[in-house]
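Peer 1: Here are the chains, one letter per residue:
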Amino acid sequence: MEIVLNGQRRQVSEDSNLSALLTQLAARPEMVTVELNGRILDRSEIADAPLKPGDQVKILHFMGGGR
Amino acid sequence: MPLELTTAQLAAILEHCRREAPLEACGILAGRDARVSRVHPLTNADRSRTSYLIEPREQLRVMGEIWDRQEELLAIFHSHPASPAYPSSRDVELAFYPDSRYIIVSLRDPGPEIRCFLIREGVITEEPLEIIE
Numbered sequence: 001m002e003i004v005l006n007g008q009r010r011q012v013s014e015d016s017n018l019s020a021l022l023t024q025l026a027a028r029p030e031m032v033t034v035e036l037n038g039r040i041l042d043r044s045e046i047a048d049a050p051l052k053p054g055d056q057v058k059i060l061h062f063m064g065g066g067r
Numbered sequence: 068m069p070l071e072l073t074t075a076q077l078a079a080i081l082e083h084c085r086r087e088a089p090l091e092a093c094g095i096l097a098g099r100d101a102r103v104s105r106v107h108p109l110t111n112a113d114r115s116r117t118s119y120l121i122e123p124r125e126q127l128r129v130m131g132e133i134w135d136r137q138e139e140l141l142a143i144f145h146s147h148p149a150s151p152a153y154p155s156s157r158d159v160e161l162a163f164y165p166d167s168r169y170i171i172v173s174l175r176d177p178g179p180e181i182r183c184f185l186i187r188e189g190v191i192t193e194e195p196l197e198i199i200e
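These protein sequence lines are chains A and B, in that order.
Letter by letter, the first sequence follows residues 1 to 67 in our numbering.
Letter by letter, the second sequence follows residues 68 to 200 in our numbering.
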């Protein structure tokens, strides 16, 4: 099925979910912000969140640092 | 390829950093082909003198705009209010954007020091900045 990830179309397997997508992207859940169809998800919601065709997903690593 | 900034864009970055001092300030530079078209001063969610985290909702909004406009994330900037303009260990640890430059503004001395870096797999490389009219 097709979703939109960070503004670009992407094919994922029919039974894919956000957790699997993060694994594919080598993204650590504690270091990213995840938005699904306009709503930012709590970290606890990510693990079991299913994906469906046409979902708009944004996954962004934090931008941070400091002295 | 040097990152090109106009004097007005540089002034906007410095103004944001000075306004937020003594807290760290942060933001995003967007554009194409290493030429900055927009400066996004953003909120430091940490509200700290020694660290920054770009507020996630603002980050999502700005990155969405960048994708919609088919621009690029050219640089992430932040200030060091009381330390040199060089990446700290925390800056390196949290450098998740290897294709983005990292601009650091030091306000330690009266004349601000501004330097630009790439941080890839823990390796820091200084990059040129070109200021144009």
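What the hints contain is simulated information worked out from the structure, not anything from laboratory work.
For glycine and all other residues, C-beta sits at the position ideal for the given N, C-alpha and C.
One should not assume that every hint holds.
[Said to hold, decoys possible] Partial list, computed: chain B residues near chain A (C-beta under 7 Å):
{"hint": "1", "residue": "73"}
{"hint": "2", "residue": "77"}
{"hint": "3", "residue": "119"}
{"hint": "4", "residue": "129"}
{"hint": "5", "residue": "156"}
[To be verified] Sample of chain A residues with no beta-carbon within 12 Å of chain B, all distances over it, derived:
{"hint": "6", "residue": "23"}
{"hint": "7", "residue": "51"}
{"hint": "8", "residue": "59"}
Peer 1: Now, for every hint given, state plainly whether the structure supports it.
Peer 2: To see whether the hints hold, each was checked on the structure:
For residue 73 (chain B), the interface hint is violated, since its Cβ never comes within 7 Å of a Cβ in chain A; the closest pair sits about 23 Å apart. Checking residue 77 (chain B) against chain A by beta carbon gives a least distance of about 20 Å; that is not within 7 Å, so the hint is violated. A distance limit of 7 Å between C-beta atoms decides the matter here; for residue 119 (chain B) the minimum to chain A is near 5 Å, and the interface restraint holds. Annotation: residue 129 (chain B) was flagged as interfacial toward chain A, and the flag is violated, the nearest CB pair being 10 Å apart, outside 7 Å.
Hint on residue 156 (chain B) is violated. Least Cβ distance to chain A is approximately 9 Å, over the 7 Å limit. For residue 23 (chain A), the shortest C-beta to C-beta distance to chain B comes to about 16 Å, beyond the 12 Å cut-off, and the non-interface label holds. Interface exclusion of residue 51 (chain A) from chain B stands, the closest Cβ pair being 18 Å apart, more than 12 Å. The Cβ of residue 59 (chain A) does not lie farther than 12 Å from every Cβ of chain B; its closest approach is about 10 Å, which violates its non-interface assignment.
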